[in-house]
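> Read off the chains here:
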Amino acid sequence: MGFTRRDLLRFSGGSAAGLLLTPVPWTLLHDTAVLTENWPGVPRPRHGEIATRYTTCTLCAAGCGVRARCVEGQPVSLAGVAGHPGSRGALCPAGLAGHHLTFCRGRATEPLAKGKPVGIDHALASVSAAIAECGSGESVAILDARPGRAASLVYRRFLAGLPKAVHCAPPDAQPYGGFGIDLENTRAILSFGARVLDGWLSPGRVLANRSCFQLIQAEAAYSRTASLADVWVPLPPGGEETFAAAVARALQGDDADAQAAHVARILLHNQPAIAIGGGAAAARINQILGSVGRPGGFLPRRDFMPATNIAALPDHSIRVLLIEEPAANDSLPWDVVARKLAQNPMVVALTPWLDGCAQHADYVIPAPVYLESLDEAPTPEGCTVAGFSLSPALLPTPPKLMAPAEFILRLAHDPSAYSEILKQRVAAIKKEARGTIFTYADAKSTRVADFASADDLWKAMLGGAAWFDDPIRSSRTESLPRAGWSNPPAVPSPEYPLVLISADSPPPHGSPLMSKLYRESGLRRSAIAAAVHPETGRAHGLADGGRAIVKIPGDSFTAQVIFDAAVMPGVIQSAGRASSPASIRRA
Amino acid sequence: MLSHIVFLGLFYSVLAVVSATVGLSLFRAVQDFRARRTEAICWQATFPDLPARGRVCRHELTGEFRHRTCDKAFDCRECQTHAALAARHPPGPGEPDIFGLNFPLDRFYHRGHAWAHPEPDGTVTVGLDALGARLVADPEATELPAVGAHIQTNGAAWHVRKRGADVRVLSPLDGEVVATGGSQHGWYLKVQPDGGRFDARHLLRGAEIRPWIARETERLQSALDPTSQALTMADGGVLMDDLATGHPEADWDAVCSEMFLQP
Amino acid sequence: MNTTSSRPGTKPARYGMAVDLDRCTGCGACMIACAVENNVAPAGPDATPRTGITWMRVYQISNGAPFPDSRAAFVPILCQQCGKDTPCAAVCPQEAVEVDPATGIVDQMPQRCLGCRYCMTACPYHARYFNWWDPRWPPGMEKTLNPDVAPRMRGVVEKCNFCHGRLHAARDRAAAAGRRELLPGEYVPACVEACPAGAMVFGDLDDAASEVARLARDGHSFRILERLGTEPKIYYRTARPWVRQAATQQRKETANA
Amino acid sequence: MPDVDTQRMPRGVRRSSPRQFLLWILPWCALLAFGLYGAGLCLVKGLNQTNMDNRFAFGLWIFLDLTVIALGAGAFFTGFLLYIFKKNELKAVINSAVVIGFICYSGAVAALLVDVGQPLRFWFTFWHPNVHSMLTEVTFCISCYLTVLFIEYIPILLKNRKMRQVPSFLVFEFELHKLMPVLAGVGTFLSFFHQGSLGGLYGVLRARPFAFREGFAIWPSTFFLFILSAAAAGPAFILLTTWLVSKISRKPLVRPEVLPLLGRISGILLLAYILLKAIDTLVWINSTSPARGFAAHQFYAWKPFGAWILFVEIVAFGLLPALILLRRRLRQSTPWLVSAAGLVCLGIATNRFVLTIQTLALPTLPFDRFLTYLPSWQETATFLAVAAYGVLVYSLSFRYLTLFPQEKDLSC
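Chains as they are written, first to last, in my numbering: chain A, 101 to 687; chain B, 386 to 648; chain C, 451 to 707; chain D, 121 to 532.
Keep in mind the hints are simulated off the structure, nothing from the lab.
Ideal placement from N, C-alpha and C gives every residue a C-beta, glycine not left out.
A couple of the hints might just be wrong.
Here are a few chain D residues that face chain B, going by a calculated C-beta distance under 8 Å [to be verified]:
#1 C264
#2 I276
#3 L290
#4 V291
#5 L440
#6 R519
#7 T522
#8 K528
#9 D529
With the hints as extra help, turn the sequences into a complete structure.
The following block contains the structure:
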C-alpha cells in the first residue's frame, strides 16, 4: 500500500510530538539565549593590567594635568589631576575625550604635496628649495600655534639663520602678553566677547572662582557666556570701542548712557576688576581701573616670548609659510593669513588633520596628535607665573608622523632630537633653581632646588609634573598688549543687510563620541546652524528649522535656520565664523 | 513571592485545562474508534450541518407537528416522541404509486433514499428507492462494500459516482453484508442484520411515504433550480428516468448533496 | 532576587546626587565622562537626537524672555533613581530592572532585556535609552573601552546606574582594606568626578552628615516632577527663581514643535 | 470533469470562480509579501528601520495591537454568550467570530515579535516573569488565548469538505465540539484578563499623568474600561465584517435578525462603557491628574490634540452609536446599523490611539517639547502585512470552510 497524504500527516504530527520529548528544543532555547548575550559584532573590552599614568593636556593653552587610566598601556579614560595648581583637577570635555583623537577620521597619515603622498625627504628638499628661492622683500614665516615653548625656541633658532624670517603667532594667541590674570582675587570681569565660561584660560580655574567675581559680558552674540553672565550688554556688532569709551567716561565720573553707567558702577563696586578681550577697548579700561600690576589684576611674569601677531605683518610679504595647526578652539581666520602671502607662495601645514590649515597648504607634514608623542605645555594661558610641563606620550607614535619641531630641526639640519631640546629646557629650569615642581601622582609640590640633578627633574617631569615659577615683583610698566585682534566692525549695507557674528565655538574637532553627544544633546550648535531672531527670520522669509543660504563678501554657505528670540535682531549667529556683513535667504 | 505563586499557578492551570481538554477529546476519539462508533459519530457530526429543511421530523411530514426538527439525527429508535406517536396511531397503508414513482409498500424507506426489504431467510435486501435511482441513474462508478463488511445505520452503505457527484448512500440498518448486487439487479446489498432481527422503527413506511416524497420533490425542485419556486411535480408532473441528463444545467454535486443528506 | 551588589556585610546606603544648576555651564563634560565610562558607542551617521544614547543629557532651558532679557540655564538629566514605586521597575515584564535595596540604585540588566521598551514609556524623565543600532566603534577605538562595563547589544534598553562598575571596584577596594563601608568620596560616578564646575555632589542621602544630604535639605533644592510621588534621588539646586520655576512648573503656553 | 477547487468548498453554497478568487487574493498576497519584506528589514537590521525613538518608544505597532485585539474580542464575547449564556442565535456567526479572533490575535502577536528589540528572547518573559507587570499578564493571556483560539479553529477546519472525508478527523471534531464550552469558558476568562491588562498597560504608568488612572486593587480603571469597550467593539466588528462579506460575496449569510441582535448587544455594552468612561474622565480631570502636578487642560493645549479628540472619542464615536444601536427602529435599518457599528469600531481605535500615541507625544518634563512621530514605510508595511494576512486567511476560510452555517439555508 502506498504512502498517502494521511500517512504523511500522521508521521509529521508524530515526529513533532516526539521532538518535544527530546532535549533538542530546550538546548535550542538555551543557545538562542547565549547568542543574544554575546551578540555578534559587539566588541569585548580588553582586560589586562590596569595602570594609572600621568601627562599634561596640550589640546589648548590651559595645560591641564591629566590622569589616565590605562589597560595594557592603552588609555581608556582621562581625568583631571586633583590639586593641580593650574587646572584645579578639572578637564574640559575635549580633554576628557582626548584619548579618542588617535582614532578620528580625517587625519594626515603621510606627507602630502598638493594632496599627493611624497617622501618626507622630498618634502624637506622642496621646502628648503623654496626657502632658498626667497626673493628680497619676501620672508619665511613660521606660524607658531603657541609661542613660549621649547619648540618656539627651535623655530626662532631656525629662522635666525635665514636672511628674512619672522616668528609669528595667530591673532588671538598671547592675548595678555607677558601678563597673567590674578583671577583668584578678581571681583569683577568686563569681558568683550571673551568666552569666559566656555573655555577661557583653564576651565577648572575659572569655574572654581566663578562665585567670586561679577561677570559682565559685552558682545553682540547671545553666547553661552553671555547667557550665563551676571550682566549681558548686547553691543551692536563692532560696538566695543564705543561702549568701552562710554564705560571709561562713566568710570571717570563723566556722564554716559545708563547701561555704561551701570557697568561702571559694578566695576567700581567690585574691585579689583579687569576688562578682557576687545583689544584697545579693554586696554583703556584696565588703565583707568589700574588693574595692571596689582593683585586681582594683571600680573607680569617671567619667560615672555613675544611673537609677531600675524595680522600685524605687512600684506603679501610671506613667501614660505609654515603653519602649526592651532588648537581646536583657537580660530585661525584664513582670510587674515591669506592677505599676508606673496605671489606663488609655499604654504606648509604641520598638522595632524586634513581639514584644518592643510586645506590651504601646498605641503602637509603629518603631525602626531595629543598623547601620541612626547610634547610640552608652556605657561598656562593667564597664569600669573611662568610654568612648564611635559606631556609624555601614552601611545606609540604612528609611522611617517613627525612633530612640527622635529620637522623644523630637520629643515635646519640640526641633528638633535626634539626630546633633547625639551631636556635642555628642563635642565635650564633646574639651573635657574626657581619655583616648585608639582608632581601629579602624589599631588606634592617640591622646590626645584631640592631635586638632586637635572636628570631627576627630567624623570619627575616625565612621570607627570608641572613646574611653576615663583611670583615676581617687577616694575614692568608697559601696558597690556591690545589683546586679540578686533577686525573692522562689520557694517550692514543694502547688499548685506545683516551681520554674521560668531557665537560659541563649534563642537571641537575630535572624538567622534564627543561630536555625537553634542549633536544629540544640542548643547553646541554645529557650524552650519544659523540662529536668528524670529522677526529677523520672518522678515527675510525664513522658516524655523528650514535651510537657508548665507552670503558674505566673497563667500557663501548653506545653514540650518534656528529661530531664537534671544538673538539680537539684525544679526546671524553662527558658530566659529569671523564677523562680517551678510545676507540670508531661504534655500 | 505569593503573587508569583498565584499568578503563575493561575496561568499554568489554565494551560493544563486547555491541554486536558484537547487530550480528553483525542482520547475519546480513540475510544470511539475502538468501539467502532466511527460511522455513527460521523453521521452525528454531519447531521447538524444539514440544511434545516433536510432535518424535519417525520411527524412533521405526516402533519402531526406543524414544525419539528429532528434532534436524534434520524434515529427514531431512540426517540420517545416517535415511540409515543407511533404507538398512538401507527401509519396506515398508503399506495405504491407516488407521482408516477413506484414505492412498493413491502419495503421500508430511509430518509437517505435507501430501502430495506426483509427477506424470508432473515436477511435484508437494501436498494435505492425510485427517486434516488433517478438521481444517480447509470452512474459512472459504483463502489460496494466487500462481502462480510459491516455496515451501520446512517453510516455509509455504498458509494455511487454520478456527474462529478460523490454520493454515499446511508445504510438503513446495522448488519453484515452477505451479498452485493448493483443497479442492474434492482438491489445493492444483502445484509444479515445484527442480532438476527431487523429493527425498522426509524424507517418510513406505508402512508408516511407520500408526504415525505412530496417534500423531497420540493427540495429536489429547489435544488435543481434554486430560482423557481413552482412545485411542478407535486401536482402530478412525472420525473424522467435520468434526472441528471434531464437537467444538464443543474449543479449535480449540490443536488445529490441535498437529496442524499450529504453536506 | 537581589543582584550581586547587595552583599552581606556592606552597609546599606541610599545613594543620591545634588546638582547645582547655578554652577553648571553646560559644557557637557559629564556627558562625555559618562559615555566614556560606560562604553557608549559613537552614533552612526543616521542617528538623530532622539535615537542616540546619552545616559547623562544636559538640557538647555531659558527664561523665555526675548532679546535682550534672555537668560539660560542648563539642567543635566540622568536616571533619577526613583525610590518609590519606581515606574520602570514595576512595568518590566521580565525583571530586567531591579532596585537594589542595598544602594537604592535602579539597575538595568541588558542581558535579560527583551527590548519591549515599556519601561521607556513609563519613565517621565526620558532617561532610558534603546539600542536602535548595533554598537559600532571606529576601527581601533574599541581598544579604549572600559573593561569594567560590558557594551550592550542591539535591541535592549539601557540607562544610568550611577556607574555600577565603579561601585563594585570601590567595594572591592574597601573589602581589601578590611572595611565594611565605603568612605565618603570613595565611590563617585564618572559625571560627578568629571564636572569641571564641581556642580555635582554625590553620596549617601541617608547619611545626614554627608554633603549631598545637606544639599538635599537646602531650601534652594528641589526635585523634578516631585509630585509624581516616585521619590527621585537627584536633587537640583538653584537660587534663581526663574530656573526653579522653569524646571518644576508645567508650561502653560500652547505653542509646540 | 469536477474541478479540484469546488471539491474543497462546502456543498450547496456558491463561491466565485477560481479566476475571480485569484484576482481577489493576488493584490493581498502582493501586499503581504511587501509587508513581510519590511518586517524582515526590521528583524535583520534592527528597529532603526522604524521611526520610533527613545521618546516615542511605542508607535504604530502597539496602536495596531491594541486596536486589533479589541476588535478581535468578538470571538470570546460571542462564544461567551453562545456557550455560557446559550444565546443560540449567535451560532450563525460564531465560526466567523472565531476565525476573526484568530486572525486578530495571531496578527497582533506577529507584530509584537517584530516590535521587540530582541525577538529571540521572547520566551524570557515565561522564564523569569515579573508578575507585577501588566505586560506579563498580557503576554501570558494572549499566548494562552491564541492557543485556545487555534483549538477553536480546528473544528471549523476539520468540517471542510475534504477534511471531513477522513472519519478520524470528524470524530475528533465531534468530541472536541462537545467540550467547546470549556474552551469558551477558559477563553472568556483569559480574554477578560488580557483585554483588561492591555488597558492596564497604560493605566499603571504612574509617571505619565495623561495615562495614569486610579483603580481597584492592582488594576487601574482603564483595566475595566478596556474589558467593557472590547466586549462592545467585538460584536460590532463581527456585525461589520459579516455585512461586508455578504456585500462582497453578494449573498445573504445570516438570518436578518442576527445582525440587529449583535448591534443590540454592542449598543448596551457601549452605553455602559461610555457612561463609565465619562465618569472616569471626570475623576481623572478633577483629581488624578492634578494630584500629580498636572492640570488636565494642559494635555489638550498641544495642537493637534485639542479637547476635540475627547469629544470625538466619547460623544461622536461613543454615545452617538450607542443611542443608534439601542433604538429598535434604527437597528432594523441596515444603513443605520452598519454605520453605527462602524462608529463603534472607530471609537475603539480612537481610544487606543489616544492612549498609545497621545500619551507619548505629550511632554512630562516641564522644559520639554511636544513630540511628533510618523511611522516609517517599514512600520507601515508591517502594519499592512497584518491586514493583508487577515484578509487572506479570512477569504480562504470563507471560501473553503463553513463560516456561516445559515448561508446554505438562505441560498435557496
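> For each hint, tell me whether it holds in the structure or not.
These are the hints, each one checked on the structure:
no. : hint : result
1   : C264 : holds (5 Å)
2   : I276 : violated (11 Å)
3   : L290 : holds (5 Å)
4   : V291 : holds (5 Å)
5   : L440 : violated (38 Å)
6   : R519 : violated (16 Å)
7   : T522 : holds (7 Å)
8   : K528 : holds (5 Å)
9   : D529 : holds (5 Å)
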